[in-house]
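Those protein sequences? They're chains A and B, same order as listed. When we follow UniProt numbering, the leftmost residue of the first sequence carries the number 1, and every step to the right adds one. When we follow UniProt numbering, the leftmost residue of the second sequence carries the number 1, and every step to the right adds one.
Honestly, I wouldn't trust all of these hints.
[Claimed, not checked] Not the full set, but computed from the structure, chain B residues with beta-carbon under 10 Å of chain A: (1) G118; (2) R122; (3) H123; (4) N125; (5) R159; (6) L192; (7) G207; (8) Y208; (9) I211; (10) T212; (11) S215; (12) Y241.
[Said to hold, decoys possible] Straight-line distance between alpha carbons at most 27 Å, and here's what the computed BS3-like set of lysine-lysine pairs gives: (13) B/K228 with A/K356; (14) B/K124 with A/K243; (15) B/K86 with A/K194; (16) A/K355 with B/K94; (17) A/K353 with B/K124; (18) A/K243 with B/K280; (19) B/K228 with A/K353; (20) A/K75 with A/K107; (21) A/K365 with B/K191; (22) A/K151 with B/K228; (23) B/K86 with A/K240; (24) B/K124 with A/K133; (25) B/K94 with A/K151; (26) A/K94 with B/K124; (27) B/K280 with A/K117; (28) A/K194 with B/K124.
These are computed hints drawn from the structure, not numbers from a lab. It should be emphasised that the depicted structure is a prediction, and the values quoted were computed from it without experimental measurement. Even for Gly, the Cβ is constructed at its ideal location relative to N, Cα and C.
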Amino acid sequence: CTQKTSYRSFYFFAKDIVQLKSLWSLQFGNYLQSFKSNSFQILSHFTMQTVTLIPGDGIGPEISTAVMKIFEAAKAPIQWEERNVTAIQGPGGKWMIPPDAKESMDKNKMGLKGPLKTPIAAGHPSMNLLLRKTFDLYANVRPCMSIEGYKTPYTDVDLVTIRENTEGEYSGIEHIIVDGVVQSIKLITETASKRIAEYAFEYARNNQRTSVTAVHKANIMRMSDGLFLRKCREVAENYKDVKFREMYLDTVCLNMVQDPTQFDVLVMPNLYGDILSDLCAGLIGGLGVTPSGNIGANGVAIFESVHGTAPDIAGLDMANPTALLLSAVMMLRHMGLHAYADKIQIACFDTIKDKKVLTGDLGGKSKCSEFTGEICRRVQDME
Amino acid sequence: FSRRSLRRCPPPAKYGGRHTVTLIPGDGIGPELLSHVREVFRYSCVPVDFEVVHVNSALASQDDMDNAITAIRRNGVALKGNIETKHTLPPSVKSRNNILRTSLDLYANVMHCQSLSGVQTRHKNIDIMIIRENTEGEYSNLEHESVSGVVESLKIITRNNSLRIAEYAFKLAREKGRRRVTAVHKANIMKLGDGLFLQCCKEVASGYPDITFDSMIVDNTTMQLVSKPQQFDVMVMPNLYGNVVSNVCAGLVGGPGLVPGANYGRDYAVFETATRNTGKSIAGRNIANPTAMLLASCMMLDHLKLNDYASLIRNGVLTTMNETRVGFLLQSPLPLYAVTLIKLLCYCSVTCGSEGLEAGLACFLGSLHKVVLCVATGALLLWSAPLSGIRLTLSLRWR
């Protein structure tokens with residue numbers, strides 16, 4: 001009789017137990033996550049992290065040396081492993097990146113990349129595309145913050161654009177149906193949308209951001225953007241601490257140029273992300289000062305500068321290393337080394353605010369080495 | 001089709017010299033803005049009658065849309081507010097605005113963004129004409145779910161439509177005396193689709209040696225627009241990029257309430273606000289800016305070759321806008337009073353010519369009390385045109 005009662009009471013509480021269990025696992029998962037990142041941080045203060053450095057072409061080598069010098073001055077625990085990524089044709093005729101570069105990235109998980117040139121008639125796809133495919137870099141993150149000292153018509157910009165990087169309009173699937181009629185296919189999948197939405201909310205939570213806005217055009221592209229939106233809404237249910245809203249692409253564009261302060265984190269498919277992230281870069285002063293990071297599966301992350309190779313000023317010590325430097329700072333934050341990241345960022349922004357030592361594109365006349373030297377000096381003064 | 005002129009013959013005026021124009025109120029702020037337009041037309045004595053066709057966005061049936069399209073086919077010209085598309089409805093229910101544009105083959109969307117002197121913006125001296133392909137591209141409404149969880153949406157670019165829109169752009173540029181046409185594309189990624197568009201633009205450009213042609217990738221374009229918008233003159237682009245760029249430009253010159261837009265086809269023309277906002281959040285609160293719709297109605301009058309009335313209303317609106325002492329009326333929640341002023345100015349222009357315009361403005365500025373205003377205006381008009389003065393005073397008192 002007592003046995004039966006005990007079973008009955010068990011079933012009575014079973015539902016609650018299951019709910020509690022899921023709640024606990026969620027909580028535990030969160031604790032584990034924060035513990036992991038905290039421990040990562042504690043450990044990384046003592047251990048040297050190896051990062052794959054891809055200098056790139058044109059002004060790439062000079063700005064990479066500038067960044068390495070600044071990191072050395074800040075005594076950041078980063079060891080650089082330089083690799084070259086020129087496309088080689090593997091067995092079977094498929095273009096791929098050199099195997100030692102791939103091996104290095106897989107081992108280190110963190111990468112910093114300078115600008116790569118895309119030759120027009122080389123026969124191989126662009127290097128950025130190859131890297132993206134090799135490491136499955138699904139999220140492109142661009143934080144846009146107004147730089148005090150580099151004046152633009154827009155002040156107080158502080159937003160982050162998170163763009164889905166693998167599918168959407170850039171799937172590359174095009175056909176000529178009949179002569180004079182071309183169709184391009186825009187692909188939206190459930191898995192990719194879910195993945196990018198989850199990353200966006202995780203980013204918002206980890207970086208103390210208050211809201212996430214999904215940008216779409218579901219009134220016209222009902223099924224594709226509708227699917228993207230549905231996934232975002234589903235993921236938003238699990239992140240009640242972050243406010244979620246959805247806005248049409250044209251409304252976002254309209255409001256962005258009138259009042260960019262109303263946006264916080266924006267998540268969107270590929271094409272809208274491309275346009276909007278460049279729009280936001282334009283708000284803060286262009287691609288020469290915008291950092292960018294690509295997050296991939298398996299914990300791989302490549303941070304890059306998005307400007308061109310500027311072959312006309314290559315080798316003349318006139319380049320501006322700000323974009324690559326800010327991307328490196330983003331990398332430090334991603335690794336949890338917030339103290340070093342803050343130090344270098346403050347030094348960089350103070351140098352630009354001071355306006356005494358600025359490179360040509362920021363409105364000054366100094367050389368790249370002088371600009372770098374000034375930042376190193378400020379970093380060392382802060383010790 | 002290159003031999004046909006750009007300006008189609010407008011639909012002929014009916015008996016009595018009055019035109020009939022289809023009016024589609026739409027949703028949100030559409031009905032109130034269009035009622036302002038009708039009022040201003042009444043006060044300006046414009047020989048246009050409106051045939052109102054209501055389109056209900058809530059119903060899934062197509063009948064009201066078919067009625068609207070038939071009415072536009074009959075009248076040739078329409079003025080419309082935006083019809084809301086609820087994206088929670090199933091994909092078989094297409095956007096009503098899109099159906100209207102594709103059935104009437106309104107292939108060119110023209111938007112002229114000009115900085116207004118009375119409006120405070122971050123960028124000055126903007127004067128950009130945007131010509132956007134209106135029927136195909138990403139808005140083809142061809143989507144399917146091939147495998148569960150994978151959706152494909154087709155973007156169609158055709159040679160005919162691209163040539164047509166490029167022809168339109170260059171002809172318009174030549175007509176307005178513009179020097180440069182920029183094609184906006186993403187042909188580095190969508191090599192076949194946007195590549196075809198760019199190729200068509202280049203082909204047409206070779207026939208217009210007096211106009212410079214260049215091209216720019218869409219992300220670079222948006223970046224240049226927010227830093228140096230003064231470098232652009234005329235821009236031509238496919239559908240989706242047109243949406244983005246026109247909204248960015250509308251934001252640059254002061255907002256969605258200031259810029260009118262027009263959709264031109266071979267036989268029909270539909271006029272609306274450029275950014276096609278429904279404005280659900282501000283509907284019914286008397287805070288919507290009527291400028292865009294009023295300027296769109298002026299474009300419609302130009303299309304009907306009623307240029308005098310068009311410039312009359314345009315002057316009234318722009319004087320209200322740019323005269324900074326009253327420009328606040330359009331920027332604060334008092335558009336009804338602004339429209340009253342516009343009506344007053346138009347009426348004064350009609351009765352007393354340009355002196356009436358200035359006198360009407362001076363009256364309005366001189367006294368803010370409505371009764372005194374009415375008396376002053378009435379007195380002025382009584383002195384110049386007794387009967388109309390009495391009518392105006394009485395009508396203003398009862399507003």
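Quick rundown of the hints versus the structure:
Using the Cβ-Cβ criterion of 10 Å, the hint placing B/G118 at the interface with chain A is not satisfied: the shortest such distance is roughly 17 Å. For the restraint placing B/R122 at the interface with chain A, the shortest Cβ-Cβ distance is roughly 4 Å, inside the 10 Å limit, so the hint holds. The criterion of a C-beta within 10 Å of any C-beta in chain A is met by B/H123, whose closest approach is roughly 6 Å, and the hint holds. Checking B/N125 against chain A by beta carbon gives a least distance of about 13 Å; that is not within 10 Å, so the hint is violated.
Nearest Cβ of chain A to the Cβ of B/R159: about 4 Å, under the 10 Å cut. The hint holds. The interface hint given for B/L192 is met, as the beta carbon of that residue sits about 4 Å from the closest beta carbon of chain A, less than 10 Å. At a threshold of 10 Å, the smallest CB-CB gap from B/G207 to chain A is about 19 Å, leaving the interface hint violated. Evaluation of the B/Y208 hint against chain A yields a violated restraint, the C-beta minimum of about 22 Å exceeding 10 Å.
Restraint check, B/I211 versus chain A: the minimum CB separation of about 25 Å is more than 10 Å; hint violated. For B/T212, the suggested interface contact is broken, since its CB lies about 23 Å from the closest CB of chain A, more than 10 Å. For B/S215, the interface hint is violated, the least distance from its beta-carbon to any beta-carbon of chain A being 15 Å, above 10 Å. At its closest, the beta carbon of B/Y241 sits 8 Å from a beta carbon of chain A; the interface hint therefore holds under the 10 Å criterion.
Our distance criterion of 27 Å between C-alpha atoms is met by B/K228 and A/K356, whose separation comes to about 25 Å. Restraint check for B/K124 and A/K243: not satisfied, since their Cα atoms lie roughly 36 Å apart, outside the 27 Å limit. Taking the CA atoms of B/K86 and A/K194, the gap is about 23 Å. The hint holds against a cut of 27 Å. At roughly 55 Å between alpha-carbon atoms, A/K355 and B/K94 are farther apart than 27 Å, so this suggested pair is violated.
Only pairs whose Cα atoms come within 27 Å are accepted, and A/K353 paired with B/K124 is accepted, the gap being roughly 26 Å. For the hint linking A/K243 to B/K280, the alpha-carbon distance of about 21 Å falls within 27 Å, and the restraint holds. The suggested pairing of B/K228 with A/K353 holds, with an alpha-carbon distance near 23 Å, which does not exceed 27 Å. For the hint pairing A/K75 with A/K107, the CA-to-CA distance comes to about 23 Å; that is within 27 Å, so the pair holds.
Annotation: proposed proximity of A/K365 to B/K191 is violated, straight-line Cα distance about 40 Å (limit 27 Å). Of the pairs offered as hints, the one joining A/K151 and B/K228 holds, with about 13 Å between alpha carbons and a cut-off of 27 Å not exceeded. With a CA separation close to 25 Å, the supplied pair B/K86 and A/K240 stays within the 27 Å bound. Restraint check: the Cα-Cα separation between B/K124 and A/K133 comes to about 43 Å, which exceeds 27 Å; the hinted pair is violated.
The straight-line distance between the Cα atoms of B/K94 and A/K151 is roughly 45 Å, outside the 27 Å bound, and the hint therefore fails. For the hint pairing A/K94 with B/K124, the CA-to-CA distance comes to about 51 Å; that exceeds 27 Å, so the pair is violated. Between B/K280 and A/K117 the CA atoms are separated by roughly 47 Å; this puts the pair beyond 27 Å, and the hint is violated. About 42 Å separates the Cα atoms of A/K194 and B/K124, which puts this hinted pair outside 27 Å; it is violated.
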